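Chemist: As they're listed, the protein sequences go chains A and B.
For the record, in the first sequence the residue sitting at position 281 is 280 according to our numbering, with numbers rising by one throughout.
Take the position in the second sequence, starting the count at 1, then add 243; the result is the number in our numbering.
FYI, nobody ran anything at the bench for these hints, they're computed from the structure.
Because the structure is a prediction, the values reported are computed rather than measured.
27 Å max Cα-Cα, derived BS3-like pairs, lysine-lysine:
(1) K321/A x K197/A
(2) K306/B x K321/A
(3) K111/A x K694/B
(4) K694/B x K306/B
(5) K306/B x K111/A
(6) K321/A x K302/B
(7) K372/B x K321/A
(8) K104/A x K694/B
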Amino acid sequence: MELTTIWFLLVAVLFTGYFILEGFDFGVGMLLPVLGRDDRERRVLINTIGPVWDGNEVWLITAGGAMFAAFPEWYATLFSGFYLPLLLILLALIARGVAFEYRHKRPEATWKRRWDAAIFWGSLLPAILWGVAFANIFRGVPLDADHEYVGGLFDLLNPYALLGGLTTLGLFLTHGAVFLALKTSGDIRDRAGALAVKVGAGTAVVAVAFLAWTLTIRSSAAAVVLAVGAALALLAGLAAAKVRREGWAFTGTAVAIALAVATLFAALFPNVMPSTLDAAGTLTATNAASTPYTLKIMTWVAVVFTPIVLAYQGWTYWVFRKRIGVQNIPQH
Amino acid sequence: MHSWGFQVDALDVARWQFGVTTVYHFLFVPLTIGLSILVAILQTLWHRTSNERYLKLTKFYGKLFLINFAMGVVTGIVQEFQFGMNWSDYSRFVGDIFGAPLAIEALVAFFLESTFIGLWIFGWDRLPKRLHLAAIWAAAIGTNLSAYFILAANSFMQNPVGYRVNPTTGRAELTDFLAVLTNKVALVTFPHTLAGAFLVAGSLIVAVGLWHVIRNRDSADTDAYRFATKFGSWVVLVSSALVLFTGDIQGKIMTDVQPMKMAAAEALYTTESPASFSVLTVGSLDGSREVFAIKIPYLLSFLGTGDPNGTVQGINDLQSQYTAQYGAGSYTPIIPVTYWSFRFMIGLGLAAAAIALIVLWTHRKGRTPRSRWLLRAGLVMPALPLLANSFGWIFTEMGRQPWIVFGEMLTRNGVSRTVSLTEVLTSFTAFTLIYATLAVIEFKLLVRYAKAGVPDLTPAPADDDTDDAERPLAFAY
Numbered sequence: 000m001e002l003t004t005i006w007f008l009l010v011a012v013l014f015t016g017y018f019i020l021e022g023f024d025f026g027v028g029m030l031l032p033v034l035g036r037d038d039r040e041r042r043v044l045i046n047t048i049g050p051v052w053d054g055n056e057v058w059l060i061t062a063g064g065a066m067f068a069a070f071p072e073w074y075a076t077l078f079s080g081f082y083l084p085l086l087l088i089l090l091a092l093i094a095r096g097v098a099f100e101y102r103h104k105r106p107e108a109t110w111k112r113r114w115d116a117a118i119f120w121g122s123l124l125p126a127i128l129w130g131v132a133f134a135n136i137f138r139g140v141p142l143d144a145d146h147e148y149v150g151g152l153f154d155l156l157n158p159y160a161l162l163g164g165l166t167t168l169g170l171f172l173t174h175g176a177v178f179l180a181l182k183t184s185g186d187i188r189d190r191a192g193a194l195a196v197k198v199g200a201g202t203a204v205v206a207v208a209f210l211a212w213t214l215t216i217r218s219s220a221a222a223v224v225l226a227v228g229a230a231l232a233l234l235a236g237l238a239a240a241k242v243r244r245e246g247w248a249f250t251g252t253a254v255a256i257a258l259a260v261a262t263l264f265a266a267l268f269p270n271v272m273p274s275t276l277d278a279a280g281t282l283t284a285t286n287a288a289s290t291p292y293t294l295k296i297m298t299w300v301a302v303v304f305t306p307i308v309l310a311y312q313g314w315t316y317w318v319f320r321k322r323i324g325v326q327n328i329p330q331h
Numbered sequence: 244m245h246s247w248g249f250q251v252d253a254l255d256v257a258r259w260q261f262g263v264t265t266v267y268h269f270l271f272v273p274l275t276i277g278l279s280i281l282v283a284i285l286q287t288l289w290h291r292t293s294n295e296r297y298l299k300l301t302k303f304y305g306k307l308f309l310i311n312f313a314m315g316v317v318t319g320i321v322q323e324f325q326f327g328m329n330w331s332d333y334s335r336f337v338g339d340i341f342g343a344p345l346a347i348e349a350l351v352a353f354f355l356e357s358t359f360i361g362l363w364i365f366g367w368d369r370l371p372k373r374l375h376l377a378a379i380w381a382a383a384i385g386t387n388l389s390a391y392f393i394l395a396a397n398s399f400m401q402n403p404v405g406y407r408v409n410p411t412t413g414r415a416e417l418t419d420f421l422a423v424l425t426n427k428v429a430l431v432t433f434p435h436t437l438a439g440a441f442l443v444a445g446s447l448i449v450a451v452g453l454w455h456v457i458r459n460r461d462s463a464d465t466d467a468y469r470f471a472t473k474f475g476s477w478v479v480l481v482s483s484a485l486v487l488f489t490g491d492i493q494g495k496i497m498t499d500v501q502p503m504k505m506a507a508a509e510a511l512y513t514t515e516s517p518a519s520f521s522v523l524t525v526g527s528l529d530g531s532r533e534v535f536a537i538k539i540p541y542l543l544s545f546l547g548t549g550d551p552n553g554t555v556q557g558i559n560d561l562q563s564q565y566t567a568q569y570g571a572g573s574y575t576p577i578i579p580v581t582y583w584s585f586r587f588m589i590g591l592g593l594a595a596a597a598i599a600l601i602v603l604w605t606h607r608k609g610r611t612p613r614s615r616w617l618l619r620a621g622l623v624m625p626a627l628p629l630l631a632n633s634f635g636w637i638f639t640e641m642g643r644q645p646w647i648v649f650g651e652m653l654t655r656n657g658v659s660r661t662v663s664l665t666e667v668l669t670s671f672t673a674f675t676l677i678y679a680t681l682a683v684i685e686f687k688l689l690v691r692y693a694k695a696g697v698p699d700l701t702p703a704p705a706d707d708d709t710d711d712a713e714r715p716l717a718f719a720y
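Next comes chain A alone, as it looks inside the complex (with noise of 0.2 Å):
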């Protein structure tokens, strides 16, 4: 396989894993308003995903120095094209980041109550922002023949951008609401698995018309597969909520998020950006990327350091692995 390929693959892999991560973390920051109904609630609710939010982003950060160490050119046209909705999920995960730290530092109603709208409104605009980026990714923006965005702000704004963020804003609310009722118990526990249900099922029908559009944009017999692999995935999940068996119906939802991921990543391939212009301003896997000296030496960092990554990082979850609930949140 080409380096640029295997590249290709681990970007699109570094991503997916980003959005299953943090997917339930955003899901769950959104819900805390909804199925947090006091301070200790909602301290459950924060607690499920306290230990690993952290190492959970890690995967935007080293996504990104990806893409910047394999496909500079798309690194550069993406983060300077997409400019205000990037700036605007930076300044999301800054306050949210900081809220889970700061939150309960100080006793006052208030104080908790400024922390809370941040990791609300924190995890609300990246769950639909990066759906919005990465069906503009796909979808192709304006540019021109040196690679630049020429287009402006409301060029992101179009319909199948906004039904992508509609789309990420749902599965990951659907897996915030799965994942806990995978981590808590008692009351929150029946409460979030209910809502999964009922939340997963407009999920289900947004994330239908998405991947269908997605396929008459651009298509391959794989991405076919992988879309209707997704559809079946978040159906699964959905049904597993259902009948409370939740490690499955979590497995299901983080299926879900990786396959429709997958799809986008398929059917774009072998091109990283297209240009809704002339053809000669696409990026592509070839045009974008770093000499293939560079290309090695990455793959052999990747090679042996992603490994030990994912050990020590599902080790984690092993170690933090209990359910928790009102009764182990202590009283300070």
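Given the structure of chain A, go ahead and fit chain B onto it with the hints provided.
Modeler: Then chain B, alone, in the frame of chain A:
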């Protein structure tokens, strides 16, 4: 914008944004780098001696560390994406080289740091003691390792090595990755930056410990605070010695690879041998005769070359040399900025070391200081090396100008061409506002938790009939 009387363009704002967000990010990084290791050392002391005062100090300083850590993490994300957003032509030019250390940093170091910090925070009752201790060490090692890769990337901008410029694409391409990682600028900047970070972390430990020693005399934990104060002071003294030692080597390397930066550090316009070092100058720094200056003869020659009579090239000679080499244009940084940031860096760092020395002296043979002046000095102490760190970076980066990659790409050519002034202004304003707000919040929290003092150690509940699933978490957000 014309109504301002001067022109602001996207390039200026992008530069200001980079400066503000980077200096801001680096207010938190030194504490993260230094405190992670120092807290790990405190926990190791507890592990080895079973003396509870070390456990109390671990938890106490650990809490301050975490308040700071969160800010470092979230402001770090901006750093990685800012290159693509505001400096996309730079990213296109150097991506083949510059992206690799950033990606490796994330994969090899940042994952380690972030995952194990979560294990450490929440793992007090979940992990065996030994493993819990290993978690803080893993996080601390990840943090320090991360600094290496970032500095290797930065060093490429100061002293590009291990590359060639492809004549067809006009882009820099990696030819020798080992050369990038063993760039002599990186090899010396790494220990210098780390030592500078420990200067900050040690100072914070002293400031908080000393406050409790003087103001909180009747505390049952005076013993612990005394230990912390002395421990922090020694950290400050040792690291300031290392800062000076590595800074000296840096000066010689800088004179070799970026002579203009060294000349700009002294506002030395004409080549001199021997060259003197001015402690301060009154009057303009434009090469005209100064009003007043305190000069130490031979010192600049010694700093730059190791020989008290060595030749140090002046700005004017370098400017004409660069004009011949790179074409017409100014190759001189803004001299007052480089001149004064260089002096503030050294002066503020030395001031912290001096306070540490006094603190140790006032604690000799079991004495307890009472001086209000010492208390005040102790409280400003962390700000001194922190500002010294900022000035050091301002010097390093402003002294590199007008280059973004020395000798290869001008800063003005690296900016994103398609990003409008409005967009950059929006992001600059947004970051500045959110950063300023968070700075106030963070500072107040640090003060609050520093004043609260070391925690009482509630004895672990005996293994009674309480079901594990019912037990409260040892730590919860």
